[in-house]
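Two chains, two frames, some hints: make the complex.
Chain order of the listed sequences is A and B. The numbering of the first sequence is this note's numbering, which starts it at 2 and goes up by one. The numbering of the second sequence is this note's numbering, which starts it at 4 and goes up by one.
Heads up, a few of these hints could be off.
[Claimed, not checked] Simulated pairs of lysine-lysine, DSS-like, Cα-Cα distance not exceeding 30 Å: (1) 133(A) x 500(B); (2) 472(B) x 133(A); (3) 140(A) x 551(B); (4) 197(B) x 131(A); (5) 633(B) x 131(A); (6) 201(B) x 244(B); (7) 500(B) x 139(A); (8) 318(B) x 120(B); (9) 133(A) x 20(B); (10) 140(A) x 500(B); (11) 472(B) x 77(A); (12) 551(B) x 139(A); (13) 197(B) x 633(B).
Honestly, the hints are just simulated from the structure, not real lab data.
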Amino acid sequence: MSSPPSASASSSPPPCPKKMITLRSSDGATFEIEETAALQSKTLENMIHENCASTLIPVPNITGEVLARVVEFCSKHAEAGVDDESLGAWDEEFVAVDHTTLFDYIRAANFLEIPTLLDLGCQTVADMIKGKTPDEIKKTFKITTACTPEEEEEVRGENQWAFE
Amino acid sequence: MASLESLTEDLLVRIYKGLASDADRKSWRLVCRDFHRIDALTRSSLRVLRVEFLRSLLANYPRLDTLDLSVCPRIDDGAVAVLLTSRGSPWAFPRAAASSLSPPGRDPLAWTRGLRKLVLSRSTGLGHHGLEQVIRACAYLESVDVSHCCGFGDREAAALSCGARLREVKMDKCLGVTDVGLAKIAVGCGRLEKVSLKWCMEIGDLGVDLLCNKCVDLKFLDLSYLKVTNDSLQSIGSLPKLEVLALVGCSLIDDTGLQFLGGGCPLLRVIDMSRCNGISSCGLVSVAKGHEGLVQLNASYSLTECSSILLRCFKDLKNLNAIKIDGARVSDSAFKALSNCTSLVEIGLGKCIGATNLGLMRLVSGCVNLRVLDLTCCHSITDAAIFAISDSCRNLTCLKLESCNMITEKSLYYLGSFCLLLEELDLTDCGGINDTGLEYLSNCLELSCLKLALCPTISDKGLGHIASKCRKICEIDLYRCNGIGDDALAALSSGCKKLRRLNLSYCSDVTDRGMEYLGQLEELWDLEMRSLFNVTGVGLMALAAGCKRLADLDMKYCENVDDSGFWALAYYARNLRQINLSHCNISNMGLCMVMSNLTRLQEAKLVHLNKVTVEGFELALRTCWVRIKKVKLLAALRFKLSSDVRETLHSRGCKIRWD
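Same shape as in the complex, but just chain B (with noise of 0.2 Å):
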């Protein structure tokens, strides 16, 4: 038989970007020299988890046109200027040697030049000299993400505008930007064309103004909770291509300004104006008025009720396929507005007051192409309702039932006849949902996130249908549901093989048995499991050495933990990125060894740790003060922790929460 090697190199590659996962392509990689190189050559795009690989990848990658640093702890100044030499600096990264696998006298800046978009959000320890080098260095760039780096300010996006050819700018939570910083970046930077400034709260009026006078270019602008005024809008209003415009929160707008976004953007689709105090129907209705080819329009929490003469312009939208008002006052006249609009693929009616099984069954007997509904704290609604809609409705893949305390199992019954496209179910504080209910939503076999959390009526053997027959979870929310135990997680360990994301909080029912059967689900990534006093360190040894790919762990009150765990935790959980053990029982030691061990940790939760002394603490900072960003501590720890370290913290850009 012939080999795969006897393929041209054209063809291997061909074959290579046929491959789906990322596992495959690293499975593909280790095969042999060959398939290694054409990795290298084709690869584009890497998400970088250690800083002591970057240089090597960079060098063996020549490719790339995306660069992911979020998750790589210790990208700062120095790193930047190590990488950006074309002399390898072994003193600095050990491992940057020219890898045996790649060719000699590659030229190890070749990625700079093909470099198009890179990501750097929340890489606290980055300053301006290095973003500015990295910026000036990647002449070819066009898209850059700081967000969350919150010490952010004016020198940084000074920084930014160096990149002329830049298209796309998100710097949200940069919260030291002001209007200086962002005038810098609208003339340095004119080819704009996506900008993202959420939370920037120092920015206002004149820095948009600017904004919108030198990017014309502008397709998606976010001022998500900024303070800007009307004055905003009327510059808005002038941008030509303007498609995506969202102002959540933004609570010094008014109709007055709406008026003018009313005249101008010819182009937009999608707009979001959710918990904006000052806005009512009669600002929207302007905007729906002058924008006939709108497709979004999120007004959630923003309006007190929605008048008969916007829904009379819903349905002028022709285009329109996502409406958002929840927390609006509607009627059952409105309803039936709303089932003209015939186009409509999402509805939210969350905290909708007014909405009733008549009115609900109106809107879908109009709206029948309906995929996602909202129907959050919706209490008048029952199982007619749910009839209506899975009757009606029979393409719907997202269903939000959250504290809809009268729907029981009939309506599962429904939704399992009628919606066997449903991926999305939040049956959350549902009180009336039991075993029998599950059964019959097995027959959803689509079904990825399921959310029953503080349903205490549900046990072992209603999630065991669950699990025996909707292979595509990846996400379930157990939160306060008493009646789980370790047969549930045997269930899901063996079904639900793709299990991503689990909360299993105060089920205390779970021993360490479950978290055996835990250990077996190897996607496993985040875990919320508060207050199980009877699981202890052999659970935890369990859990840490079978879920492999863990990032998120929340073991906060799990008292009956001891170290033997914390040691194991240290020992395999080395993907872990986020850890919460407040108010566990984990010695100096034990502290100590997770902290320093776990080297892509980088947020702590370490309230109340009673065994741990405050030279505990301080150790245990020491090991990781290079890679932490996040920390939260007991505020009488404030005035007990050396200054040194407390200082060294804070200029590597690490925050730390006092309790």
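Just chain A, same shape as in the assembly (with noise of 0.2 Å):
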């Protein structure tokens, strides 16, 4: 009777597991996100830190639309190996979407404190805004308190005499 093969030094020891954490949305629906990527964002980093992480955690303001690409956002930015050009062009292609989605984009950065997402969003806000007139900007995002004609006259009359 031959014994069993040993782990012997040909074959490589098998991978650690890669500790995940569970999400859960405020619909109900759950994600799993590797502890590497949920490092991406400082809520979860202080929550792992204090052990907190291992049950599931919820996240009430967001939905689970929103949350899933928030995880595959986190995700691929924890990715190695990931050269700044293609990260770049894969975050303008995340935030080609909706206005209110990429609205969502900015609340769920800002719960979750993800800086990185943050900052991508609140840019492509102000990127869209750039050169656009008063009224462009009114339309493009449904702004529907406005100012009294007075106050826009005021407004108006500081913006080309007051200053620069």
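Shown next as structure tokens:
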């Protein structure tokens, strides 16, 4: 009888199991995220260090759809060996969504304290504002409250004559 | 779809901070009340254009750290007093009533506590009372700029010395300040790190010595054009933290003084000793040997030649970035020695005698990181040198070739092929340049400043090539380019939307049609159009109505522009700050309209206005004497203008030049 083959030097040791964290969105869906990717979020990072991350973490403000994409973002940014150019292109595609979703990303990044996503989202909105007139901004972003005509004239006057 | 308003305020602040341009920030604040409030809470710097708005702006912007009043007319002691009272004085500035957009109960003087930087340059109406009041009120002020307040003297310096927290003081051209005033500042402002005293000619060694004794944290010192001697350099040598020293035009300094410098100021990085007649290579050697961390050395027009010892010293300076030895005699072996300094990014060789093709080829074979190269008046260089330069220095961004008349279109071909990062090119007086050359050059898509003055061989076609591809152009100089006409302006108006500065003087083929095209350039800010005989009132009207940002206009000798043009100018060109109307056919009424309506006008040249009578001048000057700062008039008027007008102008700090 031959003994069962033991783990010899020729075969590599089994990889460490990646530590996964489970998040639950506001509508009850659960998502798993690697610990290394979760470290992108300062909120989650604090929880991990205080050992509260072993059980399910509820994320009450964020819906499942948005949370799924946020998890995708963090995982992509935690990946090793991705060069800046392709990451930039991936980011650009990531934010090419409608305004509602974009604002949801920003809110999620704010709640979970993900600086990379927060900066990306806010800068995308700032770039959308670039070059637009105030009326175009109101229309694009569906802003309803406005100034009274007197206030508007005052601000317009200041813009033109008061300072630069 | 959700609205942007659904985001919380701190997120909106983040987005606001991502806005890159002033225009965008202005659009933002017009959108709605919330956005206006965010702008008011976040904006940190303001350049005020009109004094009527000043009080309400300061009340609404509590987070300001920088306030620039240099282009605001009528800044004087009275204005300061009104600004610093905690109650509004509606009779002084009608717009000072609290804006309906600002929350009530806000402290109107909160701005004084947040302000760190105050720019009052050219505020000639301000006196020492007002200056002291504002310095004392802004207790945390760190930087103040009173440059070009030519009437300022020791009393104003004493007012500045009340700012104990001041770290930076700019007093260029405060002609009345003496050693006494400087001493007061040195004693009162012990934390000073940056001091600029260019042209303060009354200051001498005594003041500088005291400054160096009291302000030991000094990092930046500019004593250009002062009559300081080697003794000052001895005092300066004792400053332990000095990094930047400028002594341009200090003719009383010589090599002995430089030896003091060589032994002191261990952290010196940048030294500018251009136009100092008394120094030579020997003195610079002592400076270079003592400071291995030297980054920039400017000895333009100071050296007659660059000794071989000095050139060898340069090799030991591992961080050396920029050398300027304009005016010196250089040999081919000198270039060989310079080529060993591979860290060089900028070299100035303007008017250098002995600059040859061979020498330059040697230079660029070693200095491949060159970005800025000045070869003004190096007459003997040809296309071969430009080939070597473009091939070796692919990162070239600025090349000056004024008066290099052997350069032909071949050089532009090389530049267009190899130096694609080129931003600035000076081809003034290069007689060999033609339209084909400009076509080759148009491959340099980063081009932003192009000087083609005195090139009669270029025409509308060549400029068309540049305009169609080089979209980043901001500045073009076409002074005396006889071949340029309306079609060139058509090309510029459609291709170069970012054009800010344009010189068309003596391009006499330009007509009203060309002016209409110019009216489409919304960013145009500085226009020189001397002697354009074919432009009439119609053309000027089109220009004024379209170029809303026009601030600087020189139309000397435009004799065919009639009053209809000037009336349009007075109505539309509200941002005009400087104007030259000499030798124009403007009438009494026209001049009065221009001077009174243009409330930002601060400098005017009004020589040889043949249709304007003495009464016309009187009236025009009276309408603007509250804000005009500089005016040039015919000498004959000196005795004809009433003393009333002359005295009022003088007391408001206005400078009159008699031609």
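Comparing the hints with the structure gives:
no., hint, result
1, 133(A) x 500(B), "holds (17 Å)"
2, 472(B) x 133(A), "holds (25 Å)"
3, 140(A) x 551(B), "holds (26 Å)"
4, 197(B) x 131(A), "violated (36 Å)"
5, 633(B) x 131(A), "violated (38 Å)"
6, 201(B) x 244(B), "holds (21 Å)"
7, 500(B) x 139(A), "holds (26 Å)"
8, 318(B) x 120(B), "violated (40 Å)"
9, 133(A) x 20(B), "holds (16 Å)"
10, 140(A) x 500(B), "holds (26 Å)"
11, 472(B) x 77(A), "violated (39 Å)"
12, 551(B) x 139(A), "holds (25 Å)"
13, 197(B) x 633(B), "holds (29 Å)"
In summary, the structure is inconsistent with hints 4, 5, 8 and 11 from the numbered list given earlier, while agreeing with the others.
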